[in-house]
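Sequences are here, hints too, so could you generate the full structure?
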Amino acid sequence: MQNQIFLLIALPLASSAVLLLVGRRADKLGHLLATAVSLSTFVLGTLQFFAMQSRPTEERALTQKLFDWINVGSFNVSAALLLDQLSICFVLLITGVGSLIHIYSISYMEHDHDRRRFFAYLNLFIAAMLLLVLGNSYLNLYVGWEGVGLASYLLIGFWNQRPAYATAAKKAFVANRVGDVGLSLAIMIAFTQFGGVSFEEVKAGVPDASSIALFALGAMLLLAATGKSAQFPLQSWLGDAMAGPTPVSALIHAATMVTAGVYLIVRSNFVFDASSSARLLVVIIGAITILFGALIGTAKDDIKKALAASTMSQIGYMILAAGLGPIGYAFAIMHLLTHGFFKAGMFLGAGSVMHGMNDEVNMRKFGGLAKFMPITTITFGLGYLAILGVPPFAGFYSKDKIIETAFNIGGSKGWIFGGAALLGAAITAFYMTRVVVLTFAGTKRWSADSHPHESPILMWLPMAILAIGSVASGYLFTKGNSLVNWLQPVVNEHHHEHEGELLSPMVISGLALSVVALGVAFAIAKYRTVPVSAPENVSAFTKAARKDLYQDSFNEAVFMRPGQALTKSLVKTDENVIDGAVRGIAWSTLTIANGLKKLQNGYVRTYALNMIIGVVALVAVIWVVTL
Numbered sequence: 001m002q003n004q005i006f007l008l009i010a011l012p013l014a015s016s017a018v019l020l021l022v023g024r025r026a027d028k029l030g031h032l033l034a035t036a037v038s039l040s041t042f043v044l045g046t047l048q049f050f051a052m053q054s055r056p057t058e059e060r061a062l063t064q065k066l067f068d069w070i071n072v073g074s075f076n077v078s079a080a081l082l083l084d085q086l087s088i089c090f091v092l093l094i095t096g097v098g099s100l101i102h103i104y105s106i107s108y109m110e111h112d113h114d115r116r117r118f119f120a121y122l123n124l125f126i127a128a129m130l131l132l133v134l135g136n137s138y139l140n141l142y143v144g145w146e147g148v149g150l151a152s153y154l155l156i157g158f159w160n161q162r163p164a165y166a167t168a169a170k171k172a173f174v175a176n177r178v179g180d181v182g183l184s185l186a187i188m189i190a191f192t193q194f195g196g197v198s199f200e201e202v203k204a205g206v207p208d209a210s211s212i213a214l215f216a217l218g219a220m221l222l223l224a225a226t227g228k229s230a231q232f233p234l235q236s237w238l239g240d241a242m243a244g245p246t247p248v249s250a251l252i253h254a255a256t257m258v259t260a261g262v263y264l265i266v267r268s269n270f271v272f273d274a275s276s277s278a279r280l281l282v283v284i285i286g287a288i289t290i291l292f293g294a295l296i297g298t299a300k301d302d303i304k305k306a307l308a309a310s311t312m313s314q315i316g317y318m319i320l321a322a323g324l325g326p327i328g329y330a331f332a333i334m335h336l337l338t339h340g341f342f343k344a345g346m347f348l349g350a351g352s353v354m355h356g357m358n359d360e361v362n363m364r365k366f367g368g369l370a371k372f373m374p375i376t377t378i379t380f381g382l383g384y385l386a387i388l389g390v391p392p393f394a395g396f397y398s399k400d401k402i403i404e405t406a407f408n409i410g411g412s413k414g415w416i417f418g419g420a421a422l423l424g425a426a427i428t429a430f431y432m433t434r435v436v437v438l439t440f441a442g443t444k445r446w447s448a449d450s451h452p453h454e455s456p457i458l459m460w461l462p463m464a465i466l467a468i469g470s471v472a473s474g475y476l477f478t479k480g481n482s483l484v485n486w487l488q489p490v491v492n493e494h495h496h497e498h499e500g501e502l503l504s505p506m507v508i509s510g511l512a513l514s515v516v517a518l519g520v521a522f523a524i525a526k527y528r529t530v531p532v533s534a535p536e537n538v539s540a541f542t543k544a545a546r547k548d549l550y551q552d553s554f555n556e557a558v559f560m561r562p563g564q565a566l567t568k569s570l571v572k573t574d575e576n577v578i579d580g581a582v583r584g585i586a587w588s589t590l591t592i593a594n595g596l597k598k599l600q601n602g603y604v605r606t607y608a609l610n611m612i613i614g615v616v617a618l619v620a621v622i623w624v625v626t627l
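When you line the sequence shown up against my numbering, it's residues 1 to 627, in that order.
Worth double-checking, as some hints may not be accurate.
[What the hints assert, rightly or not] Distance condition first, Cα-Cα at most 25 Å in a straight line; then the derived BS3-like pairs of lysine-lysine: (1) Lys371 x Lys526; (2) Lys170 x Lys203; (3) Lys365 x Lys543; (4) Lys170 x Lys547; (5) Lys170 x Lys568; (6) Lys543 x Lys526; (7) Lys65 x Lys203; (8) Lys365 x Lys547.
Keep in mind the hints are simulated off the structure, nothing from the lab.
Okay, structure coming up:
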């Protein structure tokens, strides 16, 4: 099985290349080829998982060297893949959810004349994402990291004939590149400090590194994570990225790409374990994003943007857990996996609603759809109960563990971060109930030309499978501490435990369920009647939430406009100083030349006289010097 690891990447990459190179000749069968390849990759990943289970714990991790990549002086990097307990979790998530989204897209994109190209981009994304999680070094990971950025740009801007969609793709691309600078710098720091960039080399060098170097490395890795995972302060692109087709939102912005930052932090656990300052910074960013995303979600009328805000907030929980140290890594991954099920299912459910409502996304124009879309309602509802953390659904197991761990880190930090996580759960219950009530409950508010109907089987079947995961995955991951024990060799979950319990698990679960109940009740009471048009006379907070808490305004004021002003000043400096100096030299040369050319009058006698004068002057100088 070791020699087959590369096939996980090679198969979807080859499929993408074939579909792009063959062109229109593959229009009829391209989507089927892409789906078959994605399913084959999932099967291969499943076989690798069972083979890994059959081996002793110490022999489960496999490394496959493909070729020598870089050999420059002391800098030696091989193109190699690492399949261990952590990466296999992502392999199964990427290929499993990715395959379901492929099946869903066959029907969803049926009438799009560029469907083949869409599936080619999907497979390119899966290949890049698999390279990201399978690379055995930060440099190999970086290649997949940038590949994911390219593929997401192509998918978000798939309908680029619409200027707003093209702008959204560019915004996502630029924001991600800002974060990518962090990963580039992290690689440079790793090489200068440890002499290599593989995970093993960095891990081996950590004990001897200075605290400053470890903090700098951790901070740069966190910067990269904030860009890719849409965390504060690089979160502004996620809502606009909903411009892409709904399957893209489910694949990229729910289950895979936005979780890459969580993977990076957990994979670099040895760095953050050695730097308490870097770890604290991770926790702070996670806590801020939990509340930031949740507050934005309370005022969104666009169903996809409401779910995008939810994704931002839920990944904040994962980042928060990852920053809590060894005890939190496994819980971060658990929530990542459960979130992949219920959030992907809800995004596909949103696509199903749009399919039945002529691509309408404004929830104020829905209402009462449960009667017309029963399967969509049930599958979406199961995901809704999972994200709320209602037992026995998946989110109950993963989110409660994060809240419990946050409280039990001790001291004032426990109250602050645990309280933030608990408050986030309450707000989540409010805005997700708002989504369900506005969409599926109440009376109909749609226009006369809308004819809501249930989606075809190829759309609702993946939703049903994801709904099953939303129900059962949490229990399976926690039964016998299965996921914690599975990840322990990679993340050192038992390296240290918290000193004591600030609050018992029963108390925390009770508090979580209580605040969730309050959030649900408040939303139901508030949205008994829903106006078709959003009210204009609203609070300042609602206005701020509608505008994403002015994150774009802040970026424009702090970064864009000063950047534009700086650019203009640099252009003027270039034109007036640098170009001016060049033009000055040219003018001086021309002036001197124009003066000298007057000496050339065309008369031979004048030239002879000048020569005689020169000779006489030369003789005179020699005579004076030799006296």
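Outcome of the hint check:
no. : hint            : result
1   : Lys371 x Lys526 : holds, 22 Å
2   : Lys170 x Lys203 : violated, 36 Å
3   : Lys365 x Lys543 : holds, 20 Å
4   : Lys170 x Lys547 : holds, 19 Å
5   : Lys170 x Lys568 : holds, 22 Å
6   : Lys543 x Lys526 : holds, 17 Å
7   : Lys65 x Lys203  : holds, 19 Å
8   : Lys365 x Lys547 : holds, 20 Å
The structure fails to meet hint 2 from the earlier list, while all remaining hints are met.
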